[in-house]
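Participant: Sequence:
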Amino acid sequence: MVTGAIKSPGFVSKIIPERKDAPMVLGYLVVIFFLWQYLTKFFSLSKDIIDEIAVSVMVNDIQLNQSFYSLPNSLMVIGPIFLLLFTLACNEYRTFFSNPRDWRGYSKTIIMILGFILLFTLSITLEFRAKSQVWMIMGGLLIAGIILVFDEVNGMIDSILNTCKSPKNTKKIWAETPIESTLTVCVISFYLIVLLVPILLPAFSIYFTTIFENVVTLLSFLLLGVFLYSAWDLSLERHNPSIQDQKFSSTVFLFAIPFILFVILRVMYLIKTNEDWRLSYEFMDEVGGFPVTNWPWQIDPSNDSRWTFFRAGVINSARVTLISIVLCTILGIFIGVSRLSNNRLASGLATAYVEFFRNIPLAILLFFVSIQIREWAPAFSEVFFPFEMFYFSKEGYWIPQPAIVNLIIAVSILLATRILTRYLDKDGVDDSEQGVIRRMAIWALACIVSLAVFLSGDFSLPELIQPDMDRPGAWYIVEGTGFKISSPFIYIVTGLTLFTASVVAEIVRGSIQSLPQGQVEAAISLGLNPFQRLRLVILPQALRSMIPLLNSQYMNVWKNSSLAIIVGFSDIFLVILVMMNNVGKLVPLFMLLLFTYQVGSLLISAIMNAYNARVTRVRI
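The numbers in my numbering rise by one with no breaks, and the one at position 129 of the sequence shown is 114.
It should be emphasised that the hints constitute simulated quantities derived from the structure, not laboratory data. Everything numeric in this text was worked out from a predicted model, so none of it was measured. Don't take each hint at face value.
What the hints assert, rightly or not - Ranges of calculated distance between the beta carbons of each label pair, as one might list FRET restraints:
1) Pro85 - Glu222: 31 to 41 Å
2) Asp36 - Ile102: 19 to 29 Å
3) Val600 - Leu511: 19 to 29 Å
4) Asp443 - Leu307: 24 to 34 Å
5) Ser590 - Ser287: 50 to 60 Å
6) Arg599 - Ser510: 20 to 30 Å
Where is the CB? At the ideal position from N, CA and C, for every residue including glycine.
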């Protein structure tokens, strides 16, 4: 009997997991435990902040609670942020721009916008207490997560409309409605009842006291349940890839709600209570008062505002980034191709270069480069070139400075030539002998003309002055003559180039090795020499896999330029740091620095993505 009972499947055997499944069940319980702790922790912190900022203490028309936010103001800060995140998560904006008449394609976004407008209108017309504000804000975000996860807005709308048209068939209509739509309607109805009844019918507010006192537990329980449902639905993999991706984004949005809400509320609280967190930039209009090397505009530390110094820092960082990107790309391609060479010496030296510079920290490399170049450069008094055109020392490097106008005209001629050739080849590139000769003739003429324009301008040569022959150390270059390249600029460019080139070399090597061997064999069969194979066959195909990786490295160059402080170069980071020490406005300056680096990274990414789209474009 006992043996039979054990072997026969029954209710108990279905409920109690087998021994081999016990670790999995234990893992699920651990995950649920940490999720619960996460939800309750951040919801509790958010509730405390809302309770703090929602209390108005007015005495003689003076607000004594310095952290006070009116409910409309709170909604105007929190609402748009979560609306943006909601729109990105549900990914309905594409339907709106492609087919605006198909409102069902972006019905969730419409519902959320209408819901936000409704709550904002209620916040203006009704007087909500702090407890009700907690329920309005936190519960409203939970509703947004439920709508996003269940994804049954259209079914819910159809059921409501059919019910209004045929009230007699209400039971039948909702019996045929998907369970997700029914749950969404029930949750929204419960949310509105708890929100409005205590305000409109104060006599019934006592029945909602328990809900308001345990709002964190209730919302955490609901959010945990919806999250587990979404995770279970994802694990079934019963949807097509696009819907599966959307549900994954919805789950991430749902999981991030407590943390994002806490961060927003915390920042709101600090802005009100801490003067350092107020994003006011009036102090940037004051005089800077510290020297910064800048080109092409000169800075007067005694008259120019801090915005001028900020602009100088941005220009200096951009100069370092652009030059380093060009140099590291050229050097990286050379090193990467050399690693694939059959010559043991070339490949060995390239490998040694990559392994050395890739594995050394950039800060240490910059320090090492600055020391070595500084020791190698002679003292200023020892430097004199016979042609009196180039000078260099520990202080910097001086070269002839061309006329800016002539330089701009020369570059404009080359750009115009490029536009002309693109227009002539709009129907396809002419690879005939006459077409090749025509292109060579056009570019040769353009280069000759631009070079002539460039050389026809006046060059400002560096002027060396030595007042006393008995004091060689008194030699100096007359200010305003020649073009000075500061030593810190050389240090940071050299360090960034050497470091990034090692990574670029590995990207080039890996991309070339990923190509099919048949491509190289086909190029050999066509009689192409190694340089032609590399330029015409290998590199154009390798660009498809190189560009996304190079995009990341170019953004790293922009961000790593902040280490210029090690060598004393006046980049944007050093300028902001000096301002922080002088003014003390840490948060506004930090946000300005963050915005600058973010814009630079996005600009680099946009350019590289556009080029990547062009490279990967397939014409049939």
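Participant: Is the gap between the beta carbons of Asp36 and Ile102 within 19 to 29 Å?
Facilitator: Holds - the Cβ-Cβ distance for Asp36 and Ile102, about 26 Å, lies within 19 to 29 Å.
Participant: A range of 24 to 34 Å was offered for this pair. Does it hold for the Cβ distance of Asp443 and Leu307?
Facilitator: 26 Å, holds
Participant: Holds or violated: 50 to 60 Å for the Cβ distance of Ser590 and Ser287?
Facilitator: With a Cβ separation near 39 Å, Ser590 and Ser287 fall outside 50 to 60 Å, so the hint is violated.
Participant: Holds or violated: the 19 to 29 Å window for the beta-carbon distance between Val600 and Leu511?
Facilitator: Distance hint for Val600, Leu511 holds at roughly 22 Å.
Participant: How does the Cβ-Cβ distance of Pro85 and Glu222 compare with 31 to 41 Å: does it lie in that range?
Facilitator: 32 Å, holds
Participant: Kindly confirm whether 20 to 30 Å is satisfied by the beta carbon distance between Arg599 and Ser510.
Facilitator: 29 Å, holds
Figure legend: structure checked against the earlier numbered hints; the only hint not met is number 5.
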